[in-house]
Amino acid sequence: MTMAAQSPETVARTAAEQWIRMYRKMVSIRLFEEQVNELYTRALMPGLAHLYIGEEAVAVGICEALRSDDYITSTHRGHGHCLAKGAAPDRMFAELLGKEAGYCRGKGGSMHIADPDTGNLGANAIVAGSVGIATGAALSAKRLKTNQVAVCFFGEGALGQGVLYEVMNIAQLWKLPVIYVCENNLYNEYTHYSETTAGDIPARAAAFGVQTASVDGQDVRAVHGIATRLVQNARNGGGPAFLLCNTYRYHGHHVGDINREYYRSKEEEQRWKTERDPLKLLSAWLIDQKLADAALLDRIQSEVRKEMEAAVKFAVEAHYPGVEEVEQDVYA
Amino acid sequence: MPEAVQRELTFAQAVREALAEEMRRDSRVCIFGEDVAEAGTPFKVLSGLVEEFGTERVIDTPISEAGFTGLGVGAAMTGLRPVVDIMFGDFITLTMDQMVNQAAKVHYMSGGKWKVPMVMRTTLGATRRSAAQHSQSLHAWFSHVPGLKVVLPSTPYDAKGLLKTAIRDENPVVFFEDKMMYKLKGPVPAEDYTIPFGVADVKRAGDDITLVATSSMVQVALGAATLLDEVGISAEVIDPRTTWPLDEKTLIESAKKTSRVIVVDEGYGRYGVTAEIASVIAEGAFYDLDAPVKRMGAMHVPIPFSPVLEDVTVPTEHTVFEAARALCRRS
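Line order of the protein sequences matches chains H and R.
All the letters of the first sequence, read from the start, carry residue numbers 1 to 332 under our numbering.
All the letters of the second sequence, read from the start, carry residue numbers 1 to 331 under our numbering.
Worth double-checking, as some hints may not be accurate.
[Stated by the list, open to error] The calculated lysine to any residue pairs, modelled on SDA-like cross-linking and capped at a C-alpha distance of 20 Å, are: (1) K145(H) to G79(R); (2) K280(H) to A295(H); (3) K115(R) to V330(H); (4) K145(H) to D26(R); (5) K115(R) to Q328(H); (6) K145(H) to E56(R).
[Said to hold, decoys possible] Now the in silico label distances, taken between C-beta atoms and shown as ranges: (7) A132(R) to A203(H): 35 to 41 Å; (8) P187(R) to K145(H): 39 to 45 Å; (9) K175(H) to T226(R): 52 to 58 Å; (10) D257(H) to A132(R): 25 to 31 Å; (11) E56(R) to E17(H): 39 to 45 Å; (12) V330(H) to P187(R): 33 to 39 Å.
[To be verified] Over the 12 Å line for every Cβ pair with chain H, so calculated as not near, a few chain R residues: (13) D201; (14) K203; (15) L327.
No wet-lab data here; the hints were simulated from the structure.
For every residue, glycine included, the Cβ atom is placed at its ideal position computed from N, Cα and C.
In isolation and in its complexed conformation, chain R is listed as follows (with noise of 0.2 Å):
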């Protein structure tokens, strides 16, 4: 392994090294949104990028998420590649229109002649103590979209990678970020490298359980992978990093091979991501499976203020841990 690939990064670094990566390459990769700029956002991952690409390129707007939103929408049809920068994913409410009736069907109604090569940068995930309007993992909404790409890094690595292919994609790419994950640190080349999107990542191999996890619940479904190995459990963890375009061949080969699988994903287990995998998964994988495919996803309630309460609603290392040995029974 060369030394490059030694050097560790946090995740914030990481999302900010390819933006600034980005940033020198192309002159048309512009950054706006509320607190960018000198603030670097409240999470400062764009601490530094004023000061080298200035205020023309890393633009404060004000608090219209719709408006701004929108901006980009048309500033990517007319020559800039702009980087919208969306605090708090639970905003994408108010971006909704921009992004599913505007920036999702330019392309498709023009009949392939405008394109809007544009990247919403939000976040997701529970359990900061940030209450109900600021802890939702709201990524199955824009996965149901045609037109749109959705991406969900899950580590250093993946998110530079991912980010670099983000910018560079012809179409808007909304971009998942774990804000509990912003300090998660891991081994990031300092070269130009991109991860392309569909296609599935195995964080770890295993014979006797498939656990597919996104984003936040990667680290949760590797930390129970861990304890199913003290039980004698041998758990494979499949990371699809896009939602869409969904790398569908690697999640069922996986499940032909293990014959059990469980989902993980921090949205809402109803209608959401977990389902969408899970009957990937049955259409592709039916007679190889042993058990029904399971779903683990944030419960059905808006996210809870209170501690107690809210470390309750999204997926645990130990949860998918009993899950899965159950699913094995093996309790």
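If we strip away everything but chain H, and leave its shape as in the complex, we get (with noise of 0.2 Å):
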């Protein structure tokens, strides 16, 4: 494919509508936990729900390094995920609310969103339970030549789980398009990292010759382009690769855990929220190089607003499904 020769002024037109899909992208994924948030404490939502709030550039970072076909993996903080690869939020708060215009016709739930649609495998209740669904994915890819790469997301408590070294070691001896991406936002639950993750975390890929590579997940442009670099290592045949992104997580484990002060310190989250936030850190950007005005940003935040509330009135208004359906589809 030859490339037609662009202007600088269209390079950089491109650089910043590019930029600004992104920050759209990261409010709707804060927009969107706010009303998880709002319906959970309203009593509306059953169940759990895990915000992602503080993770955003993670999420929007790689999904927009991907093809739609391109596949993803998530966990159980794994709306931004969803939204970010391409889930559309009314149908999204209809699983949370279990209603059968749900992604998964309300049998899966906030834990379990997943559409082949948009490539997302599943999101998976199981700490790295989806390390081995990620990496037959990949397998597929290779075999079946179709050029698709596999995203794994997890938490940094996955860490934890051998599966995760027995996939690694396995992707990388067949030379697997698979990105293994470890959010580290410090906490496994209610426990700091350090007090069960010993050593330097990105050797632990290193050591079956995995290529490495950390990054700050509070900023998407980095984020993004080293997920950019990687994927398309992984698309020609570059073998896997594992991303670290250092986050952090604005709420609690889940929405019901308000007193955290046993574990850590309302200062150290004041301070995350305060100078290191994606979307502040990612709109200043945009504001000094003159890509956009503040202006534009407001205007995005109140659209990306309505649409949140449009999509959770859609939700609250949805069907549950029929008691008809509880044993359906549990053979294919």
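With the hints in hand, could you dock these two chains into one complex?
Put into structure tokens, the structure is as follows:
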């Protein structure tokens, strides 16, 4: 394929559009999760809710480097990954409320959103539960020569699970196109990761010969830059990669985890929110580079807010599945 | 009977033929596991497959049962049809999250959108002097889980037909082979055929007592039936062939006909396959039964090494014969 030469202005405009699109995506995740918090505290949402707020740059920076038919697997804290890969907020909310219009007809819920149309193999509520699935998808991509890449998102808590090392070993031996994305939000539930994790994290993957990288997970531009390189390499047959994204979970392990001072201070939380917020960092840069002005960013915020309100309304008004569905789809 | 049906294969050859035919039929079918390629597994069940299909489709893995089973799940979801080889049934313990939390639930949790057309082949059976970690029959565990299908072939004919059905099924299927049976010979047609799941097979018709037997215990039950014949008791031997789906109707009909039932299975009796089948029969044929349904399984002990100890842990022709005679009150 030959590329038509682009003027510097066109390149700059394309880049600006790309960062503004990523800003909108991150705002979408932030406001989606704020709505989830609201639904949960108003007792409209059954079960558990694990909010992704604070980590938006990771999902967006990486998924923006993917094709729509590339695969992802996600986690219990997975709303951000699903949205970043292209899921629609209304059907997401419907799933969270157990409605028939949800992505899984209400059978999966918050922790199990899956959607073949966006390459989402499923969020997984077993820590490290999807590492085999993602690696298997990469095996299919290689065997069937589809040129797809699989991205496996997991938190640093998954570093404690042996199966992760089993599949990284296999992925490297077989040169599979899979990117293991470790989101280190510092806490394995209610325990600081330093109490559970010996040694150097990327060194664990490097021991298998897997290409590794670490990145500031609050900086979407940095995440996107490195993700683009790793995804391209995997797509070109260069084998797997391990990307450590250093980030922070603003809320508790789940919505009900309110009193957190026994495991982390309010000062620490405040510091991340004021100094390291991924939305603030990107908006400041966009304004500084004169790629956007405050009015544009405000407009995006209010558009997304309206979209989320409409999506919540859709989900609240949607029907529950009929009880006769309980025995459907146990077997294909 | 056509000539082809007379051809005899061993159980291992029947398994291999099913795999080879399905791999020729469908390029998405692939095998992975420990020592499956050049070694053809320690039981030599897969000998010759890598020569025909290459290392792209018959793939040796590291000794990582959880890892490569997980790969099987993901590969099945995305266009391959993996047959995952777990060398000894005891090692399914290492794959439980992949099978129970992942493979079995993907279809349901995704609202019917993703499918996992994957087969796990593994083994069961004691008396091979392999001690406690290479001798168990743990098929009841998977039979307990919605979303999985569990297959227990007892003859070379059934092994070929059921394995082909398993590979063509759109769901995760666990296929247990009795490792003591690999050299058993029996008629196997050379042509393509499949055997549907959930259809029990009457291995021997009889009138006085029903012996429901699975896998390794089918030959034991048939041997016991021959001994029973000599004392004037006519035993019917029924093999459910799949524990899930389970052909409840055939089991209940036979129980109604004979009015006495023994269920024989090599898994542990407690909370096991025999308990489930006995319960199905008790519920379905209660008013036609002349005696409580009797269950015979492995003793509730880890399988011991010493042959004199190991041999008493599992039902034999003789113990089944004695139990049947007692149940028919003809001592």
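Are any of the numbered hints broken by this structure? If so, which, sorted upward? Hint 10 contradicted; others consistent.
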